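S.K.: Using the supplied hints, reconstruct the complex from the two chains, each of which is provided in its own coordinate frame.
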Amino acid sequence: MIRIEGLKKSYGAIKALDGIDLHVAAGELFAYLGPNGAGKTTTIRILTGLTRRSAGDAWLGGFHIEKEGLKAKKRFGLVMQSINLDQELTVWENLDIHGRLFGMSAGERKKKIDQMLSYIDLIDRKTALVKQLSGGMKRRLTIARAMIHSPEILFLDEPTVGLDAAIRRRIWALIKEIQEEGTTIFLTTHYIEEAEFLADRVAFLDEGRIVTIDTPQALMSRTGAWAIDHMDAGKMKTQYFQTRQEADTFITRQKESYTLRRVNLEDSFLLLTGKKVG
Amino acid sequence: MSGFIAVYLREMLILRRRIRRQVLSMSVSPLLYMIAFGYAMGGIKIEGHSYREFLIPGLVAMSSMTQAFAIAVDINVARFYWHIFEEFQAAPLSNIAYVSGEVLAGMTRAFLSVAIILVIGLFFRVCLNYSAVAFWLAIALDSFIFASLAVGLAMLVKSHADQAMFTSFVITPMAFLGGTFFPVDRLPVWAQKILFFLPLTHASKAIRASAYGHPVDYSSYLLLAIIGVVFFFGAIHCVNRARD
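Chain order of the listed sequences is A and B.
Just so we're aligned: the first sequence equals residues 1 to 278 in the working numbering.
Just so we're aligned: the second sequence equals residues 1001 to 1244 in the working numbering.
Here chain B stands alone, though its shape is the one from the complex (with noise of 0.2 angstroms):
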């Protein structure tokens, strides 16, 4: 136990020396996305709601999502350019340990982003059911997923370069084609088929029916348990690979 707190613990004051940096530079993004397709597209209503209240949870989703998928460049540096991760792999720290500790880090960056995003949305006169627990499970679930699989990838790689490339190639398709800007279903339907296997179209739709006060589909939380649980072990078995 003591190890899973010394390794969030890290993450956690690095953060906050880091505060006003991450803060700003979280805000950047979704700021921008408001401002432009808020306005360019603010006469538009889907499924009754403005494009703003559209916007709004789409945001939630996949700043979670690449939040707590950012934790993979933290740990790279700390491997690769610091050899920190050297110290913990030196430790008597069990792989569920380290992996649970990055995790959760993970965790509180993506709700840090989320709650930025909330503020701003109140800015733009957004404000939808934040209250609903489905509403922060969803981002819990989302966060847990991405955060494990950044914790493996950054065990998998050998550079910098092959994260960077995950992350044009994976995470920055399924944040615009993840139901974050439009509804998944205007698409074509090979193409839907596709999205369904993404788990940010689960997250999408579970935090916007949440955060609109709609009935939960259970379905989407069970099958975003199944993923997070699946990439946390997964992560575990990459730790030990990350050995030379």
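Chain A on its own, in the form it takes in the complex (with noise of 0.2 angstroms):
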């Protein structure tokens, strides 16, 4: 559904993505994980047409990002980081202008906007202004724009940003619900708990490259399933087991204070590349 060739973007001397190549199932959700500046914003405004390419190739339902330009753009929908609704207009108005923008008929653009708002819980806001609505529903309304013309593909670039632990959730759920109805969903993000959560895939990107792709559960497992965060030598320092019996034995050896924990993917980052994500 996304196959991504040899990418490339620089800004004058600046790499911001150094050969990017990748390829992403149909009703795949896919993770793109990094620290702020690694490329994940560029890799999706390259993909959607707001920046342009150094060098590579894409393509997004088999039509070139590029040579193909509105084939392909009928074939997603994007949520930015940032909420870029109208602010002055109505929920309503957001998702009327949208749909019209992609060339629903009046018909089509009624029946999906109520089935969406319902399906978001903004149906009995529908006449309010944007600007009078929280920062969760604003971020869900993104999300059900971005759906309205039932696109193949849905890019999210880091859609939870900024919100709160339970709005976070909730909408997790929804991206979830998203994806079993066999959308494409391509997240970008540097939460380590959505990644692991929601992909199926993940992607580690750093500095523009990309430097390993798998399951969740498949990079955990390649840096271990237990991790003890102790102090050596007045530093901290992380150490990784396979099993817990491992883990209970090195403990006993430990005279300082210590933590025991599951393996997660930040940990897997940190030992490919060196840094931490968030």
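Honestly, I wouldn't trust all of these hints.
[To be verified] Below, a list of computed lysine to aspartate or glutamate pairs in the DMTMM-like style, where the Cα atoms sit at most 20 angstroms apart:
hint : chain 1 : residue 1 : chain 2 : residue 2
1    : A       : 74        : B       : 1086
2    : A       : 131       : B       : 1011
3    : A       : 8         : A       : 206
4    : A       : 131       : B       : 1086
5    : A       : 71        : A       : 196
Derived by calculation from the structure, the hints in this document are not laboratory data.
Since the structure is predicted, the reported quantities are computational estimates derived from the model, not experimental observations.
M.R.: Right, dumping it as structure tokens:
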């Protein structure tokens, strides 16, 4: 559904993307995990036509992003990191304008807008101005807007950034439901738990390059099952273990304070890149 | 076609929400000009008409320029502040559909401001020949030029400050020198030669002549149409430049 070959983007001497190759299958929820400045948003901006590529190619649903740009654009919905809604328009008007941009008929728009507003629990607020909504409502509305024209692919650029934990969980449930209906989802995040909870596969991105791609479970199991954060000569260190027994043996030798926990994607990222994601 | 309607409809919905503020702000300047210049120069006759009769068509030309050009501010706010322009960029919307929608929105604002000026003129007992097709055609061409220029420029600027600078150095001088407040032929010949190249000079001339019921100078209309088409296609080209 998404194919990227040798994608590069430079801003002068700065390489934002340095040769990205990947393939996302239909119906997959693919997470792009990396620290700020790794190139996550740049990738989405190029794929969605907001930024020009410097080199390489990409296809969405079989259509080249530039040579067949208008056809490719009909295939995706985009949720940007910032809430890019028209604050002076109502909830309904925002969705209606979007439907018109995608060439939907009046009947299709009415049916789909009602359906999506019910889906995100905003049907009672359809005549409210967007500026009157809470942050969580606005985020749900941006996702609903991106889904109005029933895209095959949904790009989500840091969809839960700045939201509290409860709202974040609600957005995750919404994303899962969208995927279950067959939509391919390309998600960028720097929240470890978001990638772990949602993704079928995860790509680690660092300095414009993909370090590795695999399922969250496979990435974590490469690192180990258990981690112990402990003090060593005044410095915090982390030790990884494949079994709880190995971890317990290590603990018996510990003289200073320690924390035993399950390995997460942050550990895998740290081990591969020497950096933290968040 | 639906993309063009979406772009235009969005601007109109926003205009409708702001209509009271918009009408008030569009009324202030012409009202002040009519009070200040209209009364101060009340006794002066230009081309056989009172100064107020001279001023109203000039204000129509100036206001249709400034209000059509003001669409650039809305585009910039949508682009730099609300990031709504990205919604258009990511949609299957052709550049021509986007530019057409924004230009028509700019022209609509211009016609609204013209209507306000004509009403203000009536309060000052100025009623000229507003039924002439040539009068409205000149306004349409004037607003088409500056709305197209606004869209193109909004795509090129990198900040609000750049936009304000262009207004200060180009639009404001043109508003004062393009035949709004005094006849261009009273200026030195060298100045007239420079002003000949400004679209507002021709728009003022055409609007004033048609409002007076004088014979139409088709060369002004042709020139305005050519400039408008050039700016319109320039704006279409500039939309691609707005991408990183």
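S.K.: With reference to the structure, classify each hint as holding or not holding.
M.R.: Going through the hints against the structure:
no.	hint	verdict
1	A:74 - B:1086	holds, 15 angstroms
2	A:131 - B:1011	holds, 17 angstroms
3	A:8 - A:206	holds, 14 angstroms
4	A:131 - B:1086	holds, 19 angstroms
5	A:71 - A:196	violated, 32 angstroms
Going through the hint list in order, the structure does not satisfy hint 5, though it satisfies all others.
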